[in-house]
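Please take these sequences and the hints and turn them into a complete structure.
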Amino acid sequence: MFRVWAFALAALAGAAVGLAGYTFVYAKGYSYFSNDPEACANCHVMRQFRDSWQRSSHHAYAVCNDCHTPHAVVPKYFAKAQNGWNHSLHFTLADYPQPIRIRTRNAGVLEENCLRCHGEAAGAAAGLHCIACHAGIGHGR
Amino acid sequence: MKNPRWIYAALTTAAAGATVLVAVLLMNIRDRKIEGRVSYVEVVHLTEDSLDPADWGRNFPHEYDSFQRTKEMAPTRYGGSVPFSRLDRDPRLKRIFAGYAFALDYKEDRGHAYSLQDQDETRRTKERPQPGSCLQCHASILPAYRKAGGGDVMKGFELVSSMPFAEARKLVDRPVGCLECHDPATMKLRVTRPAFLRGIRALKKSEGVEDYDPNTMASRQEMRTYVCAQCHVEYYFAGEHKIVTYPWAKGLKAEQIEAYYDEAAFSDWKHGETGAAVLKAQHPEFETHSQGPHARAGVACADCHMPFERKGAVKVTDHHVRSPLLSVERSCGTCHPAGGAEMKARAESIQDRHAALLARAEDALLALYDEIRAARAAGASDAALEGALKLQRKAQWRVDFVSAENSMGFHAPQESARVLAEAIDYARQGQIVAARAAIPAAKRRG
Chain F
0 MFRVWAFALA
10 ALAGAAVGLA
20 GYTFVYAKGY
30 SYFSNDPEAC
40 ANCHVMRQFR
50 DSWQRSSHHA
60 YAVCNDCHTP
70 HAVVPKYFAK
80 AQNGWNHSLH
90 FTLADYPQPI
100 RIRTRNAGVL
110 EENCLRCHGE
120 AAGAAAGLHC
130 IACHAGIGHG
140 R
Chain Y
0 MKNPRWIYAA
10 LTTAAAGATV
20 LVAVLLMNIR
30 DRKIEGRVSY
40 VEVVHLTEDS
50 LDPADWGRNF
60 PHEYDSFQRT
70 KEMAPTRYGG
80 SVPFSRLDRD
90 PRLKRIFAGY
100 AFALDYKEDR
110 GHAYSLQDQD
120 ETRRTKERPQ
130 PGSCLQCHAS
140 ILPAYRKAGG
150 GDVMKGFELV
160 SSMPFAEARK
170 LVDRPVGCLE
180 CHDPATMKLR
190 VTRPAFLRGI
200 RALKKSEGVE
210 DYDPNTMASR
220 QEMRTYVCAQ
230 CHVEYYFAGE
240 HKIVTYPWAK
250 GLKAEQIEAY
260 YDEAAFSDWK
270 HGETGAAVLK
280 AQHPEFETHS
290 QGPHARAGVA
300 CADCHMPFER
310 KGAVKVTDHH
320 VRSPLLSVER
330 SCGTCHPAGG
340 AEMKARAESI
350 QDRHAALLAR
360 AEDALLALYD
370 EIRAARAAGA
380 SDAALEGALK
390 LQRKAQWRVD
400 FVSAENSMGF
410 HAPQESARVL
420 AEAIDYARQG
430 QIVAARAAIP
440 AAKRRG
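Top to bottom, those sequences are chains F and Y. Using numbering that gives the first Met the number 0, read the first sequence as starting at 0 and increasing by one per residue. Using numbering that gives the first Met the number 0, read the second sequence as starting at 0 and increasing by one per residue.
Worth flagging that the hints you see were computed from the coordinates, not collected in a lab. It is possible that some hints are incorrect.
Unchecked claim - Straight-line Cα separation of at most 30 Å, DSS-like style, residue types lysine-lysine; simulated pairs:
#1 F:Lys-27 to Y:Lys-310
#2 Y:Lys-314 to F:Lys-27
#3 F:Lys-79 to Y:Lys-389
Stated by the list, open to error - Non-contacting residues of chain F with respect to chain Y, defined by C-beta distances greater than 12 Å in every case (computed):
#4 Phe-32
#5 His-58
#6 Pro-96
Unchecked claim - To give an idea of the interface, some chain F residues facing chain Y are shown, with a C-beta separation under 8 Å as derived from the structure:
#7 Gly-28
#8 Pro-74
#9 Ala-78
#10 Asn-82
Don't be surprised by glycine CBs; every beta carbon is placed ideally from N, CA and C.
Structural data, given as structure tokens:
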């Protein structure tokens, strides 16, 4: 009797793992470990932001992750995991706001990344994000 | 061996449950991917005679869903789509339209779904004779034009326009639909209204462009305004055949259109209180928007009135055409990141100021009527009052051009304010002329 259960469970677990693995590959899950902007545009919601980035002046210098994720390895993948969870959850449930807006935490990451490159040149503007004035810098129209 | 068995059973159930969830996710991802790839499935073959939007809806269910919602009614602070009586809300209008059909019945328009029904039900068509011209914009009429003209839409348009309304009405049975703006073969935006094609050609000619054809020469972004400008414009019925005509040959501004009417010696009616030959403005939304900051920035009607929305993985143009004040997040938010409540407050503060200015201008117009009537009562002759009546025509045209426009000033705030400032000035000038005309007459009597 024990053997029957063990075989059944092994088969089921194998099927579950296989299906999950296939789903991961089918959804191009591996691409999210990369820096390729096309990975962000896998999600249909992000396409317009990929498109507008291509029309911006920063197109030649920075990809999505340069501005939108931290640069140290652990915080970077933590941010990817956190945003990835939020994005896929709300895309699947179709309950995200339109138009989408950057969240406070991610806006902080963005600001740090502006200063990472431009910190020396940038003056201190109390209480203002860089993009309050330089709005079209990362996403053109 | 009892415990392990129980655990194995629980694990089996858990693994099965997890597998189901993963399968559901997989299918959902697949659905989204397919949605993102396939633009539409041709269930029904659409032709130039496909009048029923439900047929189009079988190929384009998302667009059709939102189009259907134009049946819904919702108010905004000043407009919206609930058919309240504008005469009750602003009783000045009863005097302003004295002697004209608009003094009988003047309601706020409802959505596209009601365009034909509202036309049937208004006392302006039930109690006053109207031409078939009205149907150019109130019905899905292209096949009827083609049939009446023996294949020639322009000829059919002229024939149907000159029929009495009741007779022309028998040729159509649907409110505005899909054919008006979309090519059934390609879904490309197109303009079909004969009066618009003629009007825009005349306008472009005044700007130095010969033989302008929007269907081949306009950009897609321009078309996203022109499809609306087919109907949401100023017009008049020209000549004895009552051909609906857009008076744009001198330009789109209030005084340019006025100059066109003056040259054509056209007036809509004799004012019931003063006898002045006056004009009725219709709903010059396109003309007004064209003078405003959003048009200057390249924003089209559809950007705000038909904002994009996401349905699963597809981006859909919202065909529930309505006031952007009812969809502020999507309408304004794409360009203005200040948030819905703030954008609504900005828009409504423009409207509040505009409404106050408009009320002042209407009061000035009523004061002019009083002055002209007083002068008449004092014995002033028609000849002596001619100047005052001409100034009434100018003032009245400007007040109505702004008042009949459906944005309460938002489409072009400063331009609308400029036109109202002129209206007030002409009305007060007219009062002075009328008062002077009254003085010698009074002396003669004394």
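Each hint tested on the structure:
1. F:Lys-27 to Y:Lys-310: Between Lys-27 of chain F and Lys-310 of chain Y the Cα gap is close to 22 Å, so the pair holds against 30 Å.
2. Y:Lys-314 to F:Lys-27: Roughly 22 Å separates the two Cα atoms, so the pair holds.
3. F:Lys-79 to Y:Lys-389: violated, 71 Å
4. Phe-32: It holds; Phe-32 of chain F is separated from chain Y by about 18 Å at its closest Cβ, greater than 12 Å.
5. His-58: Consistent with the label, His-58 of chain F stays out of reach of chain Y, its closest Cβ about 20 Å off (over 12 Å).
6. Pro-96: Incorrect as stated: the minimum Cβ-Cβ distance to chain Y is 7 Å, not above 12 Å.
7. Gly-28: violated, 10 Å
8. Pro-74: violated, 26 Å
9. Ala-78: With Cβ-Cβ at 22 Å, over 8 Å, it is violated.
10. Asn-82: violated, 18 Å
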